[in-house]
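Order-wise, the sequence lines are chains A and B.
Here our numbering is used: the first residue of the first sequence is 1, the next is one more, and so on.
Here our numbering is used: the first residue of the second sequence is 1, the next is one more, and so on.
If you are wondering where the hints come from, they were derived from the structure by calculation, not from laboratory data.
Be aware that a few hints might be false.
Given that identical chains are not distinguished, each listed pair holds provided it fits within a single copy or across any two copies.
[Unchecked claim] Restricting the straight-line Cα-Cα distance to at most 20 Å, the calculated cross-link-like pairs of lysine to any residue (SDA-like) are:
| hint | residue 1 | residue 2 |
| --- | --- | --- |
| 1 | LYS147 | GLN164 |
| 2 | LYS227 | ASP72 |
| 3 | LYS256 | ASP348 |
| 4 | LYS305 | PRO106 |
| 5 | LYS256 | TYR228 |
| 6 | LYS223 | ALA67 |
| 7 | LYS84 | GLU121 |
| 8 | LYS227 | GLU60 |
| 9 | LYS360 | LEU287 |
| 10 | LYS305 | ARG317 |
| 11 | LYS147 | ASP191 |
| 12 | LYS223 | LYS261 |
| 13 | LYS227 | GLU32 |
| 14 | LYS190 | VAL168 |
| 15 | LYS227 | ALA67 |
| 16 | LYS227 | GLU44 |
| 17 | LYS61 | TYR228 |
| 18 | LYS163 | LYS190 |
| 19 | LYS156 | ASP191 |
| 20 | LYS360 | ASP272 |
| 21 | LYS208 | LEU30 |
It should be emphasised that the depicted structure is a prediction, and the values quoted were computed from it without experimental measurement.
There are 2 protein chains.
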Amino acid sequence: MANFQLDGEYIGAIKNLVVENKDKKLKKQLHELHYADIAELIEELSIDEAIYLVKLLDSEKTADALAEVDEDFREKILDQLSAKEIAEEVEELDTDDAADIIAELPEERQEKVLSEIEDTEHLKDIRELLRYEEDTAGSLMAKELVKVHEDLSVLKCVNAMRKQAQEVTRVHSIYVVNSKNELLGRLSLKDLITANSRAIVKDIYIPKVDFVHVNEDVEEVAKIMSKYDLEAIPVVNDNKELLGRITIDDIVDVIKEEADKDYQLAAGISNDVEADDTILELTRARLPWLFLGLLGGLGSVFILKDFETVMNQPQLRSLFFYTPLIAAMAGNVGVQSSAIIVQGLANDIVKGSMISRLFKEIGLSLINGFFLAVVLIAFGQVMGQELSLSLTVAGSMMGVIVMAALIGTFVPIVLDKRGIDPAIATGPFITTANDIFGIFLFFYIAQVVLGF
Amino acid sequence: MANFQLDGEYIGAIKNLVVENKDKKLKKQLHELHYADIAELIEELSIDEAIYLVKLLDSEKTADALAEVDEDFREKILDQLSAKEIAEEVEELDTDDAADIIAELPEERQEKVLSEIEDTEHLKDIRELLRYEEDTAGSLMAKELVKVHEDLSVLKCVNAMRKQAQEVTRVHSIYVVNSKNELLGRLSLKDLITANSRAIVKDIYIPKVDFVHVNEDVEEVAKIMSKYDLEAIPVVNDNKELLGRITIDDIVDVIKEEADKDYQLAAGISNDVEADDTILELTRARLPWLFLGLLGGLGSVFILKDFETVMNQPQLRSLFFYTPLIAAMAGNVGVQSSAIIVQGLANDIVKGSMISRLFKEIGLSLINGFFLAVVLIAFGQVMGQELSLSLTVAGSMMGVIVMAALIGTFVPIVLDKRGIDPAIATGPFITTANDIFGIFLFFYIAQVVLGF
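Chain A with its partners taken away, still in its complex shape (with noise of 0.2 Å):
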């Protein structure tokens, strides 16, 4: 198997028989499908097509498909769902997406889903799981792991391993705990392969394993996992209890994720939206950040008006012309700037000291304008302008292209610092900040320099 196609053809065959009620014929079709596939099948029905089908087929194959729909789309097939069989669907997950679709049920049905979970082990891991706070490692662990105790012998390990891993989708490490369920270290089923089956395992796990605090912010265990190339992570508490492990597709997730969020919100969108979300989600996605920008246009309307006797003289009312030019080039170099400081913070490697940055910032943004300028003084040469107004206007472009940089450089630099998401400043708060003050500096420079 390649890579399946979900195409128009095949979905409408689909539909067909959902309409025909041909049960049989549906459940020997969607037989071979991975649930990465039924997942995106199942998106592309009506929500009653779908819940025919999550009813349909078994809860063996629905419910992992059910974890990876889109969470608005899952969110009104559990509603037709009753307790009972939401329950039957949790009882096939591993413990972090059970706790997952748990959490995102109103509160009053929570408890009626759980109450109908027949598996008390299952359901106890799935209360624990429920209780970390969102974006915490124990919120993303699942409980299912590989344990031995140290003292064991490599046949006896092998056996228990057997057995827990009949519960466990992947197998990457097996971890060594002491009796008090103590994190001591790991053992890789190639060094358990190739051990003497008597040797005991104390005596052969390796001591060095990375772990995450089960409070530690799911963007770090991203991090530290992807920097050491590491597949599987266990978490532990403050007694170094080991308490689950995180793999690495939970981790790409969080990775895709976050980055989705920065790009939305260099892009002026608030919320976490969609091409095929309502309209009405869209626009509270999109409304705030277009206000903020709306209030920053009125802000120049407030600046302009105070130059309107500029006007008056013909010779300079070409400044007027210019406002669109400033005001892009502000906001350009603003977003530039701010874009590169922020992957730079996200990945740790903004270096070197404040003052080192300043200067580079300004020397980047003069020899940025430097260039700009002369373009736009040989433009102003051949529209047969002053030179002296062209000057004035090459100048004071300058002057707006350094503080625009400085802006977009030192305003997520400071959010940083006060533990606000950087992110947040590129986009539409530096284009607007940047829209007005170089606005306003175009024109108080311009008001300088040529004397009106």
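On the provided structure of chain A, position chain B as indicated by the hints.
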């Protein structure tokens, strides 16, 4: 070991040891460090200090660290090493990292380094990898993997695996092949441990195995691996011969780089740069988009010049005060729309017909536009502005918003259909286009309504 913190004190201590040539102490200090930490440390040193460390420590230790170091910094280090020294480092690396490092060298050095590699098998593999084009599965895969013939018994399979596994850092799956080296299926280590040792591989392997073609685009590989939560995927050629495998840690890097690139494109930065790159590199990455913005701004100058006579009518002069506002709204709306579409295209979730998308964008723009128009009119009233002027500004702003949303939505779609990365459309490209069209539309509508 939890999380290693590279602080100024530690770096200072290492620098001192380097200056004082305390080789023994250095070796002892760095012995315990993970190669990813050594890479971070190296990046904090001067080139000379870094080279000192690389020459001092065993290649076994430094090779992986070098592979992790930032490309620009690595280039400077490799410049100072002899072909033989580089070959020694390369011999320690997995084939994929080895090929990456050699590919970065100037062409005439590549052959010199290759000719110094002693392990002929390793050399053959590296030469093969160097032939694959950038951004294909072949360029990302490693030749290291564990494979067994379908006719082996489980016992022999375990032995074969043990031998091969010494070369392979992490064993995810054991791939099953026939005599023609065709990929037939896979075995998990778990299955191998739990199987009867006299069973034949043929009878127990899982024939359902995901794979990718050696010429597949890496972004597509990333999508497949993250969709199906795979930790490794085998790579085959047209004849389904097993050529190599790609592991998830490399995919994590692909996902991050892709996200960084899109983010930078959206912010108007054309090359891959970091906050700590040189001023020249940063200028080269930033100037092109600023230049585009400048041209856009000069376009606006032309348009506004055409409406200069409006300045002679004092009651209409305010229109000029609104140009930055209009440009900002057009830019913001365009960037929002394009960001949502670009993300949707990247995640294959842009569904529905063009017509329905058209109506959705228009509806969304009218709703957003309406709220913003109300604020704008209220502002006009407070300012004592003529209502007809406020209404005209508000109305044309709504027109501009609709236009900006349509451009922001359909430019990426059209680019995508033509095989151009739509991410290039978000950011300065859309902003600049919308600035010009927005200002033109604004004055044009005002002219029609107010009849000047």
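Here is how each hint holds up against the structure:
| no. | hint | in the structure |
| --- | --- | --- |
| 1 | LYS147 x GLN164 | within (8 Å within a copy, 26 Å between copies) |
| 2 | LYS227 x ASP72 | between (33 Å within a copy, 19 Å between copies) |
| 3 | LYS256 x ASP348 | both (18 Å within a copy, 14 Å between copies) |
| 4 | LYS305 x PRO106 | neither (52 Å within a copy, 59 Å between copies) |
| 5 | LYS256 x TYR228 | both (18 Å within a copy, 15 Å between copies) |
| 6 | LYS223 x ALA67 | between (25 Å within a copy, 18 Å between copies) |
| 7 | LYS84 x GLU121 | within (18 Å within a copy, 59 Å between copies) |
| 8 | LYS227 x GLU60 | between (35 Å within a copy, 18 Å between copies) |
| 9 | LYS360 x LEU287 | between (36 Å within a copy, 15 Å between copies) |
| 10 | LYS305 x ARG317 | both (13 Å within a copy, 9 Å between copies) |
| 11 | LYS147 x ASP191 | both (15 Å within a copy, 18 Å between copies) |
| 12 | LYS223 x LYS261 | both (17 Å within a copy, 18 Å between copies) |
| 13 | LYS227 x GLU32 | between (36 Å within a copy, 17 Å between copies) |
| 14 | LYS190 x VAL168 | both (17 Å within a copy, 10 Å between copies) |
| 15 | LYS227 x ALA67 | between (28 Å within a copy, 12 Å between copies) |
| 16 | LYS227 x GLU44 | between (37 Å within a copy, 16 Å between copies) |
| 17 | LYS61 x TYR228 | between (34 Å within a copy, 14 Å between copies) |
| 18 | LYS163 x LYS190 | both (18 Å within a copy, 11 Å between copies) |
| 19 | LYS156 x ASP191 | both (15 Å within a copy, 17 Å between copies) |
| 20 | LYS360 x ASP272 | between (35 Å within a copy, 18 Å between copies) |
| 21 | LYS208 x LEU30 | between (44 Å within a copy, 15 Å between copies) |
Checked against the numbered hints listed earlier, the structure breaks hint 4 alone; every other hint is satisfied.
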